[in-house]
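Protein chains in written order, with the working numbering: chain A, 1 to 336; chain B, 1 to 303; chain C, 1 to 443.
The hints are simulated quantities; they were obtained by calculation from the structure and are not laboratory data. Just so you know, not all the hints are guaranteed correct.
Heads up, simulated DSSO-like pairs for lysine-lysine below, C-alpha to C-alpha not over 30 Å straight-line [said to hold, decoys possible]: (1) Lys441(C) to Lys332(A); (2) Lys255(C) to Lys209(B); (3) Lys20(A) to Lys233(C); (4) Lys392(C) to Lys74(A); (5) Lys181(B) to Lys443(C); (6) Lys119(A) to Lys392(C); (7) Lys442(C) to Lys284(A); (8) Lys330(A) to Lys255(C); (9) Lys293(C) to Lys213(A); (10) Lys154(C) to Lys181(B); (11) Lys66(B) to Lys442(C); (12) Lys207(B) to Lys336(C); (13) Lys80(C) to Lys207(B); (14) Lys332(A) to Lys154(C); (15) Lys20(A) to Lys330(A); (16) Lys154(C) to Lys213(A); (17) Lys213(A) to Lys441(C); (18) Lys392(C) to Lys332(A).
From the derived model, a few chain B residues whose C-beta atoms are all more than 12 Å from chain C [to be verified]: (19) Ile13; (20) Ala19; (21) Gln67; (22) Gly68; (23) Glu81; (24) Glu95; (25) Thr117; (26) Phe127; (27) Val180; (28) Glu189; (29) Glu208; (30) Asn269.
Note that the structure is a prediction, hence the values are computed from the model and not measured. Don't be surprised by glycine CBs; every beta carbon is placed ideally from N, CA and C.
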Amino acid sequence: MKLLNVSGSPHVHSDESTQKIMWRVNLALVPTLIVGIAFFGLNALLISLISVASCVLFQWLIEKFIMKTPSSVKDGSAVVTGLLLAFNVPASREMMWLVIIGALVAIGIGKMSFGGLGKNPFNPALVGRVFMLISFPVQMTTWPKPGENLFSMVSVPTTDATTGATPLGMLKEGGFGAAGDVWDYFIGHMGGSLGEVSALAILIGAIYLLCRKVISWHIPVAFIGTAFVFSGILWLCNPLHTEMVNGVESLVGFIDPLTTILTGGIMLGACFMATDMVTSPMSKVGQLIFGCGCGLLTIIIRNWGQYPEGVSFAILLMNSVTPLINRWCKPKRFAN
Amino acid sequence: MNEIWTAVLVLSITGALFAVVLYIVAQKFKVIEDPLIDEIAEVLPGANCGGCGKAGCRAMAEAFVKQGNMEGLSCPAGGAEVAKKVAALLGCVPEEKEPQVAVLRCNGSCANATAKTHYDGLQDCTFANSLYTGESGCVFGCLGLGNCTRACQFDALSIDPETGLPVVDEEKCVACGACVKACPRGLIELRNKGMKNRRVYVACRNKEKGADARKSCTAACIGCGKCQKTCPFGAITVENNLAYIDYNICKMCRKCVAECPTGAIHAVNFPPKVERPAAPADAPKAAETAAAGSSQSNETTNA
Amino acid sequence: MKTFAMGGVHPEENKISTAAAIEEFPLPQTAVILMNQHLGAPATPCVAKGDKVKVGQLIGKAEAFMCANVHSPFSGTVTKIDSCKDAFGLSKPAIYINVEGDEWEESIDRTPDIKRECTLEPKQIVDKLKEMGIVGLGGATFPAHIKYSIAPDKKAEYLIINAVECEPYLTSDHRVMMEHAEEICIGVSILRKALGVPNAYIGIENNKPEPIAVMKAMAAKFEGIIVEPLKVKYPQGAEKQLINAITGRRVPSGKLPIDVGCVVSNVGTTYAVYEAVQKNKPLLENILTVTGKKLAQQHNYHVRFGVSYNDIIKHAMGSLPETTGKVISGGPMMGKAVSNLDAPTTKGASSVLVIDESEAVRAEESNCIRCGKCMNACPMGLEPYLFSALVKNRRIEEAGAHNILDCIECGCCFFSCPANKPLLDEIRLGKNLYRGILMAKKK
Numbered sequence: 001m002k003l004l005n006v007s008g009s010p011h012v013h014s015d016e017s018t019q020k021i022m023w024r025v026n027l028a029l030v031p032t033l034i035v036g037i038a039f040f041g042l043n044a045l046l047i048s049l050i051s052v053a054s055c056v057l058f059q060w061l062i063e064k065f066i067m068k069t070p071s072s073v074k075d076g077s078a079v080v081t082g083l084l085l086a087f088n089v090p091a092s093r094e095m096m097w098l099v100i101i102g103a104l105v106a107i108g109i110g111k112m113s114f115g116g117l118g119k120n121p122f123n124p125a126l127v128g129r130v131f132m133l134i135s136f137p138v139q140m141t142t143w144p145k146p147g148e149n150l151f152s153m154v155s156v157p158t159t160d161a162t163t164g165a166t167p168l169g170m171l172k173e174g175g176f177g178a179a180g181d182v183w184d185y186f187i188g189h190m191g192g193s194l195g196e197v198s199a200l201a202i203l204i205g206a207i208y209l210l211c212r213k214v215i216s217w218h219i220p221v222a223f224i225g226t227a228f229v230f231s232g233i234l235w236l237c238n239p240l241h242t243e244m245v246n247g248v249e250s251l252v253g254f255i256d257p258l259t260t261i262l263t264g265g266i267m268l269g270a271c272f273m274a275t276d277m278v279t280s281p282m283s284k285v286g287q288l289i290f291g292c293g294c295g296l297l298t299i300i301i302r303n304w305g306q307y308p309e310g311v312s313f314a315i316l317l318m319n320s321v322t323p324l325i326n327r328w329c330k331p332k333r334f335a336n
Numbered sequence: 001m002n003e004i005w006t007a008v009l010v011l012s013i014t015g016a017l018f019a020v021v022l023y024i025v026a027q028k029f030k031v032i033e034d035p036l037i038d039e040i041a042e043v044l045p046g047a048n049c050g051g052c053g054k055a056g057c058r059a060m061a062e063a064f065v066k067q068g069n070m071e072g073l074s075c076p077a078g079g080a081e082v083a084k085k086v087a088a089l090l091g092c093v094p095e096e097k098e099p100q101v102a103v104l105r106c107n108g109s110c111a112n113a114t115a116k117t118h119y120d121g122l123q124d125c126t127f128a129n130s131l132y133t134g135e136s137g138c139v140f141g142c143l144g145l146g147n148c149t150r151a152c153q154f155d156a157l158s159i160d161p162e163t164g165l166p167v168v169d170e171e172k173c174v175a176c177g178a179c180v181k182a183c184p185r186g187l188i189e190l191r192n193k194g195m196k197n198r199r200v201y202v203a204c205r206n207k208e209k210g211a212d213a214r215k216s217c218t219a220a221c222i223g224c225g226k227c228q229k230t231c232p233f234g235a236i237t238v239e240n241n242l243a244y245i246d247y248n249i250c251k252m253c254r255k256c257v258a259e260c261p262t263g264a265i266h267a268v269n270f271p272p273k274v275e276r277p278a279a280p281a282d283a284p285k286a287a288e289t290a291a292a293g294s295s296q297s298n299e300t301t302n303a
Numbered sequence: 001m002k003t004f005a006m007g008g009v010h011p012e013e014n015k016i017s018t019a020a021a022i023e024e025f026p027l028p029q030t031a032v033i034l035m036n037q038h039l040g041a042p043a044t045p046c047v048a049k050g051d052k053v054k055v056g057q058l059i060g061k062a063e064a065f066m067c068a069n070v071h072s073p074f075s076g077t078v079t080k081i082d083s084c085k086d087a088f089g090l091s092k093p094a095i096y097i098n099v100e101g102d103e104w105e106e107s108i109d110r111t112p113d114i115k116r117e118c119t120l121e122p123k124q125i126v127d128k129l130k131e132m133g134i135v136g137l138g139g140a141t142f143p144a145h146i147k148y149s150i151a152p153d154k155k156a157e158y159l160i161i162n163a164v165e166c167e168p169y170l171t172s173d174h175r176v177m178m179e180h181a182e183e184i185c186i187g188v189s190i191l192r193k194a195l196g197v198p199n200a201y202i203g204i205e206n207n208k209p210e211p212i213a214v215m216k217a218m219a220a221k222f223e224g225i226i227v228e229p230l231k232v233k234y235p236q237g238a239e240k241q242l243i244n245a246i247t248g249r250r251v252p253s254g255k256l257p258i259d260v261g262c263v264v265s266n267v268g269t270t271y272a273v274y275e276a277v278q279k280n281k282p283l284l285e286n287i288l289t290v291t292g293k294k295l296a297q298q299h300n301y302h303v304r305f306g307v308s309y310n311d312i313i314k315h316a317m318g319s320l321p322e323t324t325g326k327v328i329s330g331g332p333m334m335g336k337a338v339s340n341l342d343a344p345t346t347k348g349a350s351s352v353l354v355i356d357e358s359e360a361v362r363a364e365e366s367n368c369i370r371c372g373k374c375m376n377a378c379p380m381g382l383e384p385y386l387f388s389a390l391v392k393n394r395r396i397e398e399a400g401a402h403n404i405l406d407c408i409e410c411g412c413c414f415f416s417c418p419a420n421k422p423l424l425d426e427i428r429l430g431k432n433l434y435r436g437i438l439m440a441k442k443k
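Start from the sequences, fold in the hints, and give me the full structure.
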């Protein structure tokens, strides 16, 4: 007979594992991927595949040749990073090779340089995305128009030909036509990054994650809620209207809160990127603070910053204060 | 033109103001420190091993300066060389100290002390020690989880994958004693390096009765007392079923090594012995000890 | 339905031996009686080699304050007084007995009648518990007479009977409630009298509807016994959590239950109290669950302590299944892995749990992903992930400042960790080292 095992208690374990958590997140991202493909055609699929493949490859290479540790690509975290990175770029043809650079930065600098999964202070996908945004501003803000019909694979050739703009981008330029239909925004029928357009698909994924207890409601609700309330206050004070500025008719004021939360990356960011376990606070109170901070910063950057969109920066900034939040928001002790 | 002057003026005034504030603060909160501390800290090895009992090399340097001499203070890591330098700086005579080396007093290798259970917990000796006896069933033996190797700041300890026991690299060991403190079972002892690096010691700390000790390890000291009787110098004492060789008395004649029925006594760094015909029961033992003497890292040999 | 304030987990219940009625375990050929089967100092042997002993005869006398009497569970001859390795390989003083027949002390009432009236005064009850060597049978084996001697400046308001049995697999409390409900209630009344408290609460988790019904029906016939069904959540059976679930009070850090006016006793102990006080029977045996997923038959035995684990395994299953990975004394969450099956059972043993190797081997550890599951699972509101990091870097005093000593070692953190980090191992290590630092400081 084999030797008996000896260890300290407990002798049983729940069936939770890091791997399961990561693959659940991947599963939750599938609806968003499907919508992305439906709106932006094959490009979306190819970019996602390239992004995932390069993230996995870079992680494997770094672990094998630089860190010389056993490979951990099986845990699925590189796939999550790859998908999120792809979801954060426009579905244009240039992205097919640019996203490889993004993946290298995301995995190499964002994650592995700190020691791999669990040790990175910033969300790796966002590190990659922000790097690309700063390095390739033109390509990163050239948005293909979504296909006219739902699930219109035939529209692939035309998507690159016509470049649309995101509702937020148009507003920033002071252009018109931003006042789209809220329902369109909810479904995702608008310009934008590959995976951020459809609030509906994102919510389906988020609800799945909530049910499987991978994420808790605190960060998404705090994030979206704060953004909604803050932008609502601004909107009530000064709603969007046309005005003559220096003799030119232009759009001034703030957009309504519903459009605010449905356009841009708030939904994707709040549900999938701010909730990244590694880079967000652990206690419930801390998560609420984190979410509120993200929401506040997003609206500030959108309205008064250089960029039309601020979700990535907001989350990265809040990532940097996560250790501080963890330090101050201790759980309540039982014996106190 | 006026603007430039305003800027220059404002900057000059603020600069001067800051300078004054900085000067006052620097004077007020001045830390007066003996420059000797810096000099001595420079001489010390800087490994912060804690072998001296102080929090680090800097703290040791402060202690040296505070005391003004070297009485009771010694840097085991630096040895005689550093002691000489520190003494020169302090202006006193360095204490003479016999060089020492860490010695593992256990021979419970995988072969000698076979595993009776499989340990599947935290890889930490202190924890495993608090949990149970360890895989071999010997309450006194080495657990092989490497607390000593992690404690060593000089890379002198490593676990031999074959025996599962730590091996001391005599070249690197500075006898700082960090491993002695790290071992929850007190298996590592600092012993005099001895002439030509030769040492004779009991590689066991098992205080159980002979039969119980043998049950968990074939190389255990069973406290039979044969070595004590053999030793012409009275260097060996047997207490609680365990023999101990006093390194200050031992003349390294190695009579006890041949006498030990379990091979618990190790003799290291001796040249290979010319084999004399011996009683058949003792022959293989003696041959093996001789082999042990010839090999370099002889702590690992099985007796 | 009530439960405790924070944290907790829901391990698979696996109560597969609930239907197995309690069987009498046969007498062994030889037995080894350890002298410290309780928390505290070992008892001093008061028989000599060659002495004939009877069942129930005092063989180990409690001389220290924190100690309990040990009585012989067997009749026969003392063959030697020596040390014996316990289930974890550590040498303990022991008395070896060659079992001959089954001759009991005359003072013990062995009739099956139930004796309901107790005429003893509180002080006499406590003395009786001391004389009979009663210890807490919930696992900690705390000597009962010390627990029930309440310091004059403290006052007990609640007597809480722990029948929660929140550990997976274990069914001994379940069975004893099903089969000895009346004796338990008498035992509870005796303890109630000893403490002078108005009400005793029996906490039972809601996954045991049958014992709840039986105990409720029986408690109705007694004065001041209230059966309290509790929501299923591990570690409800931990003293502090049970007090919190039933009374809403919280035992402060470093304090004892009596500081919030509570005394907690295991349900098995109350049965032993009944037998000691009413039947004059010392603590000789306990109810042991022998269970495991791969075992053909599940058992609940009345086992006299001193029988070796090997004897129990041999009688219950012939030999251990080929794929056995671990044998555990106690439940899978807080029990201890047995490394020496030749060792005798003791007063504290509540089960022999055979875990298959597929479950016994710990999965490979990976990086902490800071999911916070350990923190949410901790019933004491601590941060296990933080202790893990601090202990690893030997920043023990910091861990102490984060109240590492509050940890009750329930194992919820390791159970829920997706990265399989040995959190509880590290915390135990940290607690040990921190206690060492505190001791050194005192000196």
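* Asked: Against which earlier hints does the structure fall short, listed by number upward?
  -> 2, 7, 10, 16, 17, 25, 26, 29
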